[in-house]
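*Asks:* So you can see what is in the structure, the chains are spelled out below.
There are 2 protein chains.
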Amino acid sequence: MSILTVGTVAFDTIETPRGRAEMVIGGACTYASYAASYFSNEINLVSIVGDDFPQVEMDALADKGVNLEGLEIKQNAKTFFWEGRYHENMNQRDTLATDLNVLDDFDPQLPESYKSSKYIMLGNLTPAIQQQVIDQLDGSQKIVVLDTMNFWMDVAMDELKSVLKNVDVLTINDEEARQLSGVHSLVKASEIIHEMGPKYLIIKKGEHGALLFSEGKIFSAPALPLAEVFDPTGAGDTFAGGFIGYLAKHDTVDFSHMKKAVIYGSVMASFCVEEFSINRLKTLTAEDVNSRYETFVELTSF
Amino acid sequence: MSILTVGTVAFDTIETPRGRAEMVIGGACTYASYAASYFSNEINLVSIVGDDFPQVEMDALADKGVNLEGLEIKQNAKTFFWEGRYHENMNQRDTLATDLNVLDDFDPQLPESYKSSKYIMLGNLTPAIQQQVIDQLDGSQKIVVLDTMNFWMDVAMDELKSVLKNVDVLTINDEEARQLSGVHSLVKASEIIHEMGPKYLIIKKGEHGALLFSEGKIFSAPALPLAEVFDPTGAGDTFAGGFIGYLAKHDTVDFSHMKKAVIYGSVMASFCVEEFSINRLKTLTAEDVNSRYETFVELTSF
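Respectively, the protein sequence lines represent chains V and S.
Here the first sequence stands for residues 1 to 302, numbered as in the working numbering.
Here the second sequence stands for residues 1 to 302, numbered as in the working numbering.
Keep in mind that the hints were calculated from the coordinates and are not lab data.
Keep in mind that the hints are not guaranteed to be accurate.
The list treats identical chains as interchangeable, and a pair is accepted whether it falls inside one copy or across any two copies.
[Unchecked claim] Pairs of lysine to any residue, SDA-like flavour, derived with a Cα cap of 20 angstroms:
#: 1; residue 1: Lys282; residue 2: Tyr86
#: 2; residue 1: Lys217; residue 2: Asp288
#: 3; residue 1: Lys249; residue 2: Asn173
#: 4; residue 1: Lys249; residue 2: Glu176
#: 5; residue 1: Lys259; residue 2: Glu294
#: 6; residue 1: Lys217; residue 2: Ala227
Predicted, not measured: the structure shown is a model, and the values here were computed from it.
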């Protein structure tokens, strides 16, 4: 089934304890689209870049079955840029630069053919823009997944709560779940967040895995312990792409499929962090994905 | 099979965001023994208390099948006392008082009948005393499990490394694993710690569950997300008691049994935190334990 991925396509400069990568390809929408491409060849991407974005990278996305009709290329403008440095524990990072560039004018207009996309992945953006995308959909969607972050809770909580009314799955981290709900217990937080709209809540805990909550049911997925994490950038977006990719492939939205989708999201994220940027996601084979899934089965079965 | 539990039997005064409990029963050996008592009725306890320790509490332990021949009662002396206050997140706590009292003179002498105990649980104590217990064993043991903490790594690393040579299973938390090994990656840390002696390493991550490492194999166990954590005191010791209890009950030491033992440890820990002190562990039924085990199966199956 068709997937709509909305979010940033970016340049990143990244420093981790393992090395440094300058002006490499990044962006939530890029990571999510690559991850989803292992499950679907009907991915409709919505984003904006400047005319500095390399054609070869657009071709690479297209080769993965990603429809770029919704990628606006703004002339005489620069692509969104982010620079960050990770600490030794890789869970903490300092943002050194955020140049919004084209993102400042992002006014997503969905191509007609996109409006009936069935599986919607709204990457982290201002809640108002996320809502603007939802407003253009034709109402035939199977599921709307939204990713957000603490920044929007600080500066645009009302807009965020408004868009959440139209969302089926919310993906945030544990501290964000606590901030959004105002309570510490994640079980209680999930109940409060369900009341806001999302029937499903996914709490991403980085190296500690992820929790899926829905209607009193809980599923706990591990992260794969890795000998070496090279670059955590994009892991959450890659998770989201694998998650929605699996759902779209099987075209069934229930708790049982959601659980497997969370595992496939974790599988894709575990590859993402093995190399800088989208490098590992580009070279992945279906066999790699299936083999890593079996590793997750072994990791959790008792 | 017979279990030997060694560690503190204590009075605790505990303050959590949910309430306060004064001079209640605590101690690593107490928690571990209660937890193990749901799997075995052959538990040999080794500890020391003052003559202020209530007879009714010793009777309660004996009622659970705990052999108190190795519990030294020192006259005109006070039982070990710990006072702590937990922060809102329950992962952090401040120690307000630590009165070693009788623990200062703890010189464990194993009763003859204890020396052939098959499953050994050495609770957190000075490494020298842990070694002293090992030295009294008759060599017929199936497994020796040792719990320790960062404090001993700070002040007695050499003694700790020395006792680790005689240990099969080490239980520590993630920060302690990093401190002991000197590396950040838990996968690499496990390899370094295996070289120190323990064939099995269990990394306890509190609300994030536990990891079991052995010979390149990894098992990830979740913690049960709870609506309310009442008092985390003793959760790690309760985990250890459930873990060794399960192994002793099935009298098989391999990775497959270890995985189930980690789940049963997590089951017991999930009860421990529901009430202050050992209160919940005292009232538990076999049905409660089995039902909670099924909850863990549901929580992790996909």
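*Asks:* Does each hint hold? Answer for all of them.
*Replies:* Each hint, compared with the structure:
1. Taking CA atoms no more than 20 angstroms apart as the test, Lys282 paired with Tyr86 passes in neither setting, with 23 angstroms inside one copy and 46 angstroms between copies.
2. With identical chains, the CA atoms of Lys217 and Asp288 are at most 20 angstroms apart between copies only, with a shortest distance of 19 angstroms across copies and 31 angstroms within one.
3. In this assembly of identical chains, Lys249 and Asn173 lie within 20 angstroms of each other by CA distance neither inside one copy nor across copies; the values are 26 angstroms within and 39 angstroms between.
4. Taking the closest pair of Cα atoms, Lys249 and Glu176 never come within 20 angstroms of each other, the shortest separation being 29 angstroms inside a single copy and 42 angstroms across copies.
5. Taking the shortest Cα distances, Lys259 and Glu294 sit within 20 angstroms of each other both inside one copy (15 angstroms) and across copies (17 angstroms).
6. In this assembly of identical chains, the alpha carbons of Lys217 and Ala227 lie at most 20 angstroms apart only when taken from different copies (13 angstroms versus 32 angstroms within one copy).
Hints 1, 3 and 4 from the list above are not met by this structure, while the remaining hints are.
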